[in-house]
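Visitor: Residues per chain are reported as follows:
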Amino acid sequence: MANLKTPDKTLGEGLREIGLSRRGFLKFCAATASMMALPPNLVPAIAAALEQARRPSVIWLSFQECTGCTESLTRSHSPSVENLILDLVSLDYHHTLQAAAGEAAEEARLQAMEANRGQYLVIVDGSIPGPDANPGYSTVAGHSNYDILMETVEHAAAVIAVGTCAAFGGLPQAKPNPTGAMSVMDLVHDKPVINVSGCPPIPMVITGVLAHYLTFGRLPELDAYRRPMAFYGQSIHDRCYRRPFYDKGLFAESFDDAGAKLGWCLYRLGCKGPTTYNACATMRWNSGTSWPVESGHPCLGCSEPGFWDDAGFYEPVSVPIGVTSKTLIEGAAVGAVAGAGIAALARKAKKEAVANRQPVTIDELEQKL
Amino acid sequence: MSGAMGFLLWVKGPMFNIALAIFAIGLIARLVEIFLLGRAPNYAEPRAGEWGPGLRTMLSRTIADPGTFKRAPFNVVVGWVWHIGFLIALLLFIPHIELFKGVLGLYWPGLPNPVVDLVTAVTLITLLATLVHRLWHPVKRRISTTEDYLVWTIVFMVVLTGYLAYHRLVEPYPLALGMHILSAELMLIMLPFTKLTHIFTAFIARWYNGAAFGRKGVQS
Amino acid sequence: MSELTLERGLAAFRAEIDAPTAAFFSSCVHCGVCAQSCPFYLETGDPKYTPILKLEPLRLIWEAEFTLWGRIKGLLGLQEKVTDAMLAEWEELLYDSCSMCGRCSMVCPVGNDLAYMIRKSREGMVQAGHAPEGLINASIRAVTTGSPMGLQWKTLAVQIKHVEASTGLEVPVDKTGAEYLVMLSSMEVINFPEYLEAITKIFDHAGVTWTLSTQCFEATNAGIQIGNKDIAAQLVERVVAAAETLKVSKVISPECGHAFTAIRWEGPNLIGRPYPFRVFHIVEVLDELRATGRIQTEGKEDDRLSMHDPCNLARKSGVIQQQRNLIDLVAEDFVDMNEHGRFQWCCGAGGGVSSNERAEELKMAAFKRKKAQIEEVAPERMVTMCATCRTQLEEGLEEYNMDIPVIGLTEMIADHLVEKPRAAAEHDAEA
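Going line by line, the protein sequences match chains A, B and C.
Residue 279 in the UniProt record's numbering is what sits at position 279 of the first sequence, and the numbering runs on without skipping anything.
Residue 87 in the UniProt record's numbering is what sits at position 87 of the second sequence, and the numbering runs on without skipping anything.
Residue 287 in the UniProt record's numbering is what sits at position 287 of the third sequence, and the numbering runs on without skipping anything.
Hints are supplied without guarantee of correctness; some may be wrong.
To be verified - Within a straight-line C-alpha distance of at most 20 Å, the following computed EDC-like cross-link-like pairs (lysine to aspartate or glutamate) qualify:
id, chain 1, residue 1, chain 2, residue 2
1, A, LYS368, C, ASP230
2, C, LYS48, B, ASP117
3, A, LYS368, C, GLU7
4, A, LYS350, C, ASP18
5, A, LYS368, C, GLU357
6, C, LYS300, C, ASP328
7, A, LYS351, C, ASP230
Just so you know, the hints here were simulated from the structure itself, not pulled from any lab data.
Computed from a predicted model, the values in this text were never measured in an experiment.
My request is simple: use the sequences and hints to build the entire structure.
Guide: Here it is in structure tokens:
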């Protein structure tokens, strides 16, 4: 990987070089189309576009992260679409995967930036201590994450924030956010930013976004959180195979009750499926083997902003966050004092009215006749 | 964090606390205001005790006397339907039970979602009917104030947003859920300062009524 | 010279607000059901007669001075104020169109005792100088002459003579130590002298010791009707003084509704102490005599009878079964109205409406509700036990050309007393 690939080779050439047949290539194109919910008649167009596409130079920056996103991407057990793509982009810089180390590695990054000025893609995983935070929380080669990010994106074509930390701040940003962690979109305002959230994101989603970019030469349609609609357009709840149980009102109430064994809805066990937008329910994990809800665990909502601060993993969606009866009791105490104050004023006024009361006399009544 | 999810987390977190605090302050203030006023001593020889008739009236006023039912069937029937519908949706929808469990630690069995859904639809229709009635009936029109329409709006919004959120008719869902929770919070905030207090004070009022009449030998 | 002012009125409203009032106003949801129980609204169709609307002045003072939100609104200058003009407008609503029958208090779904608050509101109205002329006159006459109609003892003395002549019995006056002090109402003395004769016969028959008092014979209380505790207390004190002078253990309120609530329920609170005697309505006493076998009757009325329960007696005082026990004793064909007892309909004349001449038209409008009820059961005669109700029924039925006489229950009982014991006694005496 440390060897820089010549950036002028097309994707088609590269694929043929590693021995992929025409038939295999079309299959890949069809898979990409279906994954991105594109109509089948677009497959030839996708194939043609990918054939001609230049393998883009990709710089992968890792900041405050756990390497889970990279693990997710590289730990597929069989040759997969995502492997094909990763082999065929020009991954010019990636801490974990590149052979080079130290100054040579940094040199590779600068070189790729120089060579592909305005053309290269930046993939970020991990959140960044913001400009106001102590830069010492996370540095690479003595440079703060913030400086590296800003320097790298300056001449990038687009930025892809991979994983919830890069997309929304993730775990490092969870209260009380000691490192002042920020997301890529908090910091990068003058470049297109695509968020591929998830902790980790589904590998195929990462490659799908790349394939789309290569095919159409532009970014896919995004939702309000800049996530590709093709993967984040529907909630887990809406595509969940357990949804019929929710609709019937059949819920597991503990992890070992009869409902859990019968595969009922996990809402009451804290499933965040209703508020979570991701493709787990349709694409599943580990080459389509299963996904968390199928394995009997509620969705944690890992692809949503603030998921670490959204109540507990086992608190249902409808439960308020950090609200207890203490609020009620304290409010009641204040209310008792306020009420007593008003009542005291009223009682005083009433007492005065009674004390100063002038009895009505016949003479007074006569005046009114 | 901004956007729908940020909004949802805000209404589920800080705003819920604010609403709950204002509700608790306002409601307890109102109750203290009432009870500290007290009643003048009554020297007239009673025919019966106050507690029994008072407690009976607290319950019995829920049912209209046959004459009133005949003269104001709309008030009685529609009033009943929407109150019961609202209570069923509030207290027997499973996500709401989880909320009570989370805040108060109390919980009870719920109803299947499709039942609550149907009840909610009926509640929405009957609430609309109450508005039409308020605008159309000469007495109701004459005695209605801005507050009446404001309270109607917030109650309707609570049920409507709940219905929309359940059916996921507003995207993204966190926005729909957030609007529902916010409506409920606004209702909680308004409750102690508007006629919504009747949720609590009607039972006090009924007790005083039942006690006053009961003391004189009449079950009111 | 002192005068009644808005300021005094507001202070009086304020002084009347208590925990029940606050609970009631907190609970009103403006459902309008109270209107459906008000004969003045139902028979005029004018929504301004909706009971809860009549309480608006009291409600405004409660909101402004007795609630947190009202205080906040006051600071922001948003709180509506009670003005003299408003009270002038509300005078008709609080007096002319309300007989304080309390039916609304029975049907309000949230349990508001509206009649209780009307009574309180009138305290403020009087102090603010906004009471109707008719009630002012009645109050002045009650205080100065002892009777709201200006009736003097000497008129009553003439009637006593007539009763004694026609019955051959003594009407006891100022008898210290009698069991009962019998109070009367001026309207009864003037319109229905049969009453005095009837109780004279019944008490003689039952062997009850009783007396009238020259010190005070008037049971009615104009102060209660106009809604002023100073006048009301003065009038109650007269009854108490008379009862104390004659050392009676029981006082009997006549066939009059408001007199009973005035002496029975409001009286002790007006004078601020419990009575040294007990108070009964004549119907309660008669039923007690019946139950203990001290009244023996013979013969029954065979025409179709129905009964009007006076609001003050039935709904507001719990005397409902007693009059039915008594009528069963003497009537063969008695039929109750569809809504009776605690849910009966007002005749339209109570709560001072009958003393308020300008309310005549409203009073007659409200009567239509009673008329409809009477028509439903089509009786040949009506029985009641309140002189005001009886007068209103008579006038109303005449107005609508309905030939249905109205009689007092006490008279009807007196007409059926078994004559024998008395005849035997006379026979014995002669022998």
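Visitor: Next, verify each hint and record whether it holds.
Guide: Hint check results:
1. Distance check on the hinted pair: LYS368 of chain A and ASP230 of chain C sit about 17 Å apart at the alpha-carbon level, within 20 Å; holds.
2. Distance check on the hinted pair: LYS48 of chain C and ASP117 of chain B sit about 40 Å apart at the alpha-carbon level, beyond 20 Å; violated.
3. Restraint check for LYS368 of chain A and GLU7 of chain C: satisfied, since their Cα atoms lie roughly 16 Å apart, inside the 20 Å limit.
4. At most 20 Å may separate the alpha-carbon atoms for a hinted pair to count; LYS350 of chain A and ASP18 of chain C meet this at roughly 9 Å.
5. Distance hint between LYS368 of chain A and GLU357 of chain C is fulfilled; the C-alpha atoms sit about 16 Å from each other, no more than 20 Å.
6. Only pairs whose Cα atoms come within 20 Å are accepted, and LYS300 of chain C paired with ASP328 of chain C is accepted, the gap being roughly 9 Å.
7. For the hint pairing LYS351 of chain A with ASP230 of chain C, the CA-to-CA distance comes to about 17 Å; that is within 20 Å, so the pair holds.
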